[in-house]
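Which chain is which? The protein sequence lines are S and U, in order.
The first sequence begins at 1 in full-length UniProt numbering and counts up one residue at a time.
The second sequence begins at 1 in full-length UniProt numbering and counts up one residue at a time.
If you are wondering where the hints come from, they were derived from the structure by calculation, not from laboratory data.
Cβ coordinates follow ideal geometry from the N, Cα and C atoms, glycine included.
Incorrect hints may appear among the rest.
[Claimed, not checked] If you anchor each label on the Cβ, the simulated ranges turn out as follows:
id, chain 1, residue 1, chain 2, residue 2, range
1, S, Asp141, U, Ile105, 41 to 51 Å
2, U, Gly19, S, Leu53, 53 to 63 Å
3, U, Ile105, S, Ile112, 51 to 61 Å
4, U, Phe100, S, Leu78, 53 to 63 Å
5, U, Asp110, S, Tyr51, 51 to 61 Å
6, U, Asp110, S, Glu113, 25 to 35 Å
7, S, Ile126, U, Asn90, 14 to 24 Å
8, U, Phe100, S, Asp141, 22 to 32 Å
9, S, Ser23, U, Gly66, 49 to 59 Å
[To be verified] Below are the DSSO-like pairs computed for lysine-lysine, each with C-alpha atoms no more than 27 Å apart in a straight line:
id, chain 1, residue 1, chain 2, residue 2
10, U, Lys93, S, Lys180
11, U, Lys94, S, Lys118
12, S, Lys118, U, Lys93
13, S, Lys106, S, Lys82
14, S, Lys180, S, Lys106
15, S, Lys130, S, Lys82
16, U, Lys99, S, Lys118
17, S, Lys170, S, Lys130
18, S, Lys118, U, Lys98
19, S, Lys118, S, Lys170
20, S, Lys180, S, Lys170
21, U, Lys99, S, Lys180
[Unchecked claim] Covered stretches of chain U (in silico footprint by chain S; criterion: 3 or more residues with CB under 8 Å from a CB of chain S, positions within the stretch not fixed):
id, stretch
22, 82–95
23, 103–114
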Amino acid sequence: EERGYRSASGAPITLRRRQHSASCRELTVRCPRLQLRSLSAVTSAVWLAAYGLFVLSENSMVLSAAIFITLVGLIVYLHFVKIDQESLLVIGSLGIQVTSSYASGKESTTFIEMGQVKDVVINEAIYMQKVIYYLCILLQDPGDPQGVSEVVPLFQSSKPRLDCLIEVYKSCQEILEQRKTTPQSS
Amino acid sequence: NSPAPLPERAIYGFALFLGSWFGFMLYLIWAYVPETWLFSLGLTYWPQKYWAVALPTYLLVTIGIGYILLFGINMMSTAPLNSTHTVTDNYAKKQQQKKFQEEAIPALRDIPISEVNRMFFLPEK
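Just chain U, with the same shape it has in the complex (with noise of 0.2 Å):
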């Protein structure tokens, strides 16, 4: 899975190019285009040129919106500070001790609230 360039890659690259330049050169059209020289060629079924002005405007605002409720929906996900788990959750709950070996580096756990303030705050050396 490296991101090296490959030729699959380059093709699929290249399509991509070209439709997104033919679906671009194809929005001018529809929206530049008086409808009476499209009717005149036979292309009836446009949507209504409403939309050429109404979509981007859309997609402007709900980005825009998206930053604020993006900030919001964090604020909201945060843990209240009177809830559980601000200290501990379900992984923590439910991992083994595993008995400790002689000269060998301890095994890595979640220690508990109250060992690491008394290491932290209490001794006044």
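Just chain S, with the same shape it has in the complex (with noise of 0.2 Å):
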């Protein structure tokens, strides 16, 4: 099923619960889609900042410039810093994957084994002037069985807020509990 939320900065984003069996979750979170008025915004800012340096330097060659920087930039924004939805899928015994999904259709995945998983929390922590809890995978420190090794954030680009963070982390523990439950020898 699926409801929408709000993200960290007051953006309407959506978050999709999949059941795929008992021991497997889907939670996908959808960002929001490039806006219209933005784009011609930056588009009109560097188009009339070319053309005051045309009129002041009578060079042509800024325009045909700017148009071919406007549309490389889009390219590489669309491509490398504008993601469309994050999602985790968390299989009971046998690990976690983190897939970001770019606007150009690129998707990148991350996979952790169920054994380097020590929990899944809600952190607090100070970013850019304001304090934002966001949902990490703590990972076991390997000498250490109480040490935590490593903290992947999730959810880096949609950064939801509190009462999404808190359905998903519900789903995650629902099935982390369950290896409590049944160990299994490996």
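Make one complex out of these two single chains by using the hints.
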């Protein structure tokens, strides 16, 4: 099922939960699409600046350079920066897979096996003059059973607020608890 | 170490007051009195008068940049979101567990983040 929430900056995001089996869940957060008004605002600003330069310098290469920069910048932004949706696939005995798909269709995936996962928690941290809640995977330290070797933050670009994070946290904990009650010899 | 007034502190305060007034008068005389008058008195070894304007300007610009620099240093030294310093630190790792005593207030300790999360977010009641 799908529900609407807000991100930390106020933009509307949606969370979709799918249960594939008793020990496998997929949680997808979809970020707001690229707005036409912001795209046209940036394009007009760049082209106005280029036209101002052209009037000052009388060199028409400035205009064609501005058009080229705008096109290349838009493609680079869509392919490397603008994230369309981020998903978390928790498979009970296997591991956790984190996928970010960009606006141009590119998908980048990270898989963390269950032996390395210590816990999935909601952590608070200072980020750019704000304190935000974010979901993160704590990785186990191989030498120290109580220690945390690494922190992997999730949903970095959509930054859901606490109500959305609590839903994701509860779903993940239901699956993570199963590995304590059914210990497997590996 | 109380901030109460003491005779020694009064003497230090007055000495500083006189010293700062003297320094300020000296600075004004050096900045405003023309060089020829100072030379005629026999005082020839002064720094250039350029510095009478340059040093205060340097000081004010440094103070202004210092505001921005402090802001930037603060931002640089906050731990990034993926560091373990947001979850634990050296003191928490090395803490010793005290034994639980009946009917006594439990000892102060750093509670692991997993436990805190379970307490905050899991119970539905």
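Evaluation of the provided hints:
1. Between S/Asp141 and U/Ile105 the CB atoms are about 31 Å apart, so this pair departs from the stated range of 41 to 51 Å.
2. For U/Gly19 and S/Leu53, the hinted distance range of 53 to 63 Å is satisfied, since their beta carbons lie about 57 Å from each other.
3. The given range of 51 to 61 Å is broken by U/Ile105 and S/Ile112, whose C-beta atoms sit roughly 39 Å from each other.
4. A hinted range of 53 to 63 Å holds for the C-beta pair U/Phe100 and S/Leu78, which are about 57 Å apart.
5. For the hinted restraint 51 to 61 Å between U/Asp110 and S/Tyr51, the CB-CB distance of approximately 60 Å keeps it satisfied.
6. Look at U/Asp110 against S/Glu113: about 28 Å separates their beta carbons, and that is inside 25 to 35 Å.
7. Judged by the Cβ atoms, the range 14 to 24 Å given for S/Ile126 and U/Asn90 holds: they are separated by roughly 19 Å.
8. A C-beta distance of roughly 26 Å is found between U/Phe100 and S/Asp141, which places it inside the suggested range of 22 to 32 Å.
9. Taking 49 to 59 Å as the suggested C-beta distance range, the pair S/Ser23 and U/Gly66 conforms, at roughly 57 Å.
10. A distance of roughly 24 Å separates the Cα atoms of U/Lys93 and S/Lys180; the hinted pair therefore holds under the 27 Å criterion.
11. Restraint check for U/Lys94 and S/Lys118: the C-alpha separation of about 19 Å stays at or below 27 Å, so the hint holds.
12. A distance of roughly 16 Å separates the Cα atoms of S/Lys118 and U/Lys93; the hinted pair therefore holds under the 27 Å criterion.
13. With a C-alpha separation of about 10 Å, the suggested pair S/Lys106 and S/Lys82 falls inside the 27 Å cut-off, and the hint holds.
14. The hinted pair formed by S/Lys180 and S/Lys106 fails the criterion: a straight-line CA distance of about 36 Å is larger than 27 Å.
15. For the hint pairing S/Lys130 with S/Lys82, the CA-to-CA distance comes to about 22 Å; that is within 27 Å, so the pair holds.
16. The straight-line distance between the Cα atoms of U/Lys99 and S/Lys118 is roughly 25 Å, inside the 27 Å bound, and the hint therefore holds.
17. In summary, the hint linking S/Lys170 to S/Lys130 is supported, as the alpha carbons are separated by about 25 Å, within the 27 Å threshold.
18. Annotation: proposed proximity of S/Lys118 to U/Lys98 holds, straight-line Cα distance about 24 Å (limit 27 Å).
19. Between S/Lys118 and S/Lys170, the direct Cα distance comes to roughly 16 Å. Compliance with the 27 Å bound is thereby established for this hinted pair.
20. A distance of roughly 16 Å separates the Cα atoms of S/Lys180 and S/Lys170; the hinted pair therefore holds under the 27 Å criterion.
21. Taking the CA atoms of U/Lys99 and S/Lys180, the gap is about 25 Å. The hint holds against a cut of 27 Å.
22. Restraint check on the stretch 82–95 of chain U versus chain S: 7 residues with Cβ-Cβ distances below 8 Å, three needed, restraint holds.
23. Note: the stretch 103–114 of chain U has 3 residues with beta-carbon separation from chain S under 8 Å; the three-residue rule is met and the coverage holds.
The structure does not agree with the numbered hints 1, 3 and 14 stated previously, though it agrees with the rest.
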